[in-house]
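> Make the full structure from the sequences, and use the hints.
Using our numbering, you'd call the opening residue of the sequence shown number 10 and step up by one each time.
If you're looking for bench data, these hints aren't it; they were derived computationally from the structure. Nothing here was measured: the structure is a model prediction, and the numbers come from that model. Please note that the accuracy of each hint is not assured.
[Said to hold, decoys possible] Here are the simulated DMTMM-like cross-link-like pairs (lysine to aspartate or glutamate), alpha carbons at most 20 Å apart as the crow flies:
#1 23 x 36
#2 130 x 57
#3 118 x 128
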Amino acid sequence: SGSGKSTIANLVEKKLYAEGRHTYLLDGDNVRHGLNKDLGFTEADRIENIRRVGEVARLMTDAGLIVLTAFISPFRAERDMVRGLMADGEFMEVFIDTPLEVAESRDVKGLYKKARSGELKNFTGIDSPYEAPENPQLRVDTTTESPEDAAERIVAMLVG
10 SGSGKSTIAN LVEKKLYAEG RHTYLLDGDN VRHGLNKDLG FTEADRIENI RRVGEVARLM
70 TDAGLIVLTA FISPFRAERD MVRGLMADGE FMEVFIDTPL EVAESRDVKG LYKKARSGEL
130 KNFTGIDSPY EAPENPQLRV DTTTESPEDA AERIVAMLVG
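What follows is the structure, given as structure tokens:
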């Protein structure tokens with residue numbers, strides 16, 4: 010939360026649409042209100058959340074869509090699992106690299122405050138770990154790059 014994932018993904022989707030590309034954006038907020046509303050934030054539920062998203066993304070990719078996913082996917086093993094679901098060349102890992110203090114300063118939903126008070130458990134970066142990608146295809150430093158510039162770089166990698 011607060012890293013800029015959704016903002017950047019929405020910009021990427023708009024740019025791809027403007028180029029006539031067929032896309033679908035799976036966003037953590039939306040998916041958790043529907044497909045994954047039965048899941049909480051335990052480690053097991055987080056793993057299942059990413060597994061389901063990966064399966065849906067694979068189905069949509071098989072149908073010819075460019076699928077964008079904007080999720081906190083805190084564990085390397087699950088990112089690798091989703092990569093394994095996709096055909097070669099159909100998975101691109103983009104690391105939206107935002108320091109915790111920056112994400113926390115953008116906390117429009119009040120989630121960090123709840124996590125720090127103990128009201129919200131298993132919150133990534135507070136009381137649940139985040140395993141940063143070791144070799145993402147693209148790294149976006151949100152402290153130095155605007156969402157617009159990041160979106161341009163992502164689109165260039167996807168269709169360039």
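> Hint by hint, where does the structure go against what was stated? Just the numbers, ascending.
none
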